[in-house]
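The lines below spell out each chain.
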Amino acid sequence: MPHKHIVSTRFDDGDGVLVDLETKNYYQLNQTAMLVWLGLEKGQAISDIVTEITSVYDVTDEHAAASVERILQDFRSKNLLDG
Amino acid sequence: MTKVYAIAGRFLCVQALSPWSARRASNFLSDFRLEPVADSVEKSFYTIRIRSEEPLPVVARGSETFEVAFGHCDILRDGYCLAVDDSVILVGPVEQKSLDVWIGPTRHARQSLSFVNVMGYVLDIALRRSGLYQLHAAGVVYPPSGAGALLVGESGSGKSTLSALLASRGWSYLTDDAILLEQDGQTVRARGIRRFFAASEKTLAACRLSALSNALGAPIKSDPSKRRLEPAIAFPGRSIESSIPKALLFTSITNEAKSTLWNLRPSEAMARLIRSNPWASYDKVTARDHLRLLNRLVNQCRAYSIGAGLDIVNEPSCAEELLAPLLDMSSYRKNTHE
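Residue numbers (my numbering), protein chains in the order written: chain X, 1 to 83; chain C, 1 to 338.
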């Protein structure tokens, strides 16, 4: 789950920006990363997030799963996730 | 001295606890579009108390400390403390709806510029806690369409020059430097907060104003390279109170012959707004609302980066030719909530 001190903002083109109120850092997210983040905010299971990505983009399940895992690792490396 | 000021439907109460601070505070606030109102102390949403004849408070070190312009900030358990130019600002818990200022006893603290720096923070905090968020930007409105544009940039980026040039060409203006943003239903509304323009020699030469000598005042304390320009005299009848921005223009000055203009993605516009508004995330009490307001602003605007070249100052119509097409609503396809 996302840390409570992360504020997410989303734009009409699907991109987003996350702001960490503890570190004051901010991160620009593309549409895919924003989809993942919003799924996490809603408490969705990773498998459901992967399914959503395959419904939006013309990619295989394996490709979507690999993308989601890469994005999650990026979020963890920036200490944006709780646990 | 206790005075109540009205701005955008909010009331700020200023209690200056000494004659010295009363005079200085009154002078400082007279440069902003805060209207003194009588008999409204009970309506006050936020209270500012200013002391100049009491020793500085001893404040325990905060859980977090970071540098800010002219000083540093300590995050406390219930609020935060700013030490700026030998003075102290103590911001209490949100439910107190007040802050306290101690102007320090040193010569540096008593200088006009130091007082301006302190009061700049004080006003920003009080407005932010009242749901009004400052933006370091100029605001102009294109008369044929009524569409507003915010020119965002740091000092020296060309905001004053561009806004003065456009006002001299008949555009309406909100301000050349200090915008106040507020939620207005589903949209974000912008107001000018500072009454005067700060004009450099370049701005003055470019505008070619006929009423210039009457409109010009003393050098600006915080930037002596600029002089105070009274826009009501220089651009009579062109001031407006507020507008709904449709364009965000991030300005910078180049030494190129021709100006450049390119689109920005919304996320890049948001990133630039965050960089130019560090207090959007510093003040944790207001951070979420502040960031969501900036989010909404980005979503209701198109965003551009402008590199202002020499053509802007050499040819008076250049700024208008560059910006008018961006605000021509007949070609504006973005959905709005107006």
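Take these hints with a grain of salt, some might be off.
As the list claims (entries may be wrong) - Within a straight-line C-alpha distance of at most 25 Å, the following computed BS3-like cross-link-like pairs (lysine-lysine) qualify:
1. X/K42 <-> X/K24
2. C/K97 <-> X/K78
3. X/K78 <-> X/K24
4. X/K42 <-> X/K78
5. X/K4 <-> X/K24
6. X/K4 <-> C/K284
7. C/K284 <-> C/K97
8. C/K202 <-> C/K284
9. C/K97 <-> C/K43
10. C/K284 <-> X/K42
11. C/K97 <-> C/K202
12. X/K24 <-> C/K258
Hints in this document: simulated from the structure, not taken from any laboratory.
Verification of the supplied hints:
The straight-line distance between the Cα atoms of X/K42 and X/K24 is roughly 23 Å, inside the 25 Å bound, and the hint therefore holds. At most 25 Å may separate the alpha-carbon atoms for a hinted pair to count; C/K97 and X/K78 exceed this at roughly 35 Å. At most 25 Å may separate the alpha-carbon atoms for a hinted pair to count; X/K78 and X/K24 meet this at roughly 12 Å. For a cut-off of 25 Å, the pair hint linking X/K42 to X/K78 stands: about 20 Å separates their Cα positions.
In summary, the hint linking X/K4 to X/K24 is supported, as the alpha carbons are separated by about 14 Å, within the 25 Å threshold. Proposed proximity of X/K4 and C/K284 is supported: the alpha carbons are some 12 Å apart, at most 25 Å. The hinted pair formed by C/K284 and C/K97 meets the criterion: a straight-line CA distance of about 15 Å does not exceed 25 Å. With a CA separation close to 40 Å, the supplied pair C/K202 and C/K284 exceeds the 25 Å bound.
Only pairs whose Cα atoms come within 25 Å are accepted, and C/K97 paired with C/K43 is accepted, the gap being roughly 12 Å. The straight-line distance between the Cα atoms of C/K284 and X/K42 is roughly 23 Å, inside the 25 Å bound, and the hint therefore holds. Annotation: proposed proximity of C/K97 to C/K202 is violated, straight-line Cα distance about 43 Å (limit 25 Å). Among the hinted pairs, X/K24 with C/K258 is inconsistent with the structure: their alpha-carbon atoms are about 36 Å apart, more than 25 Å.
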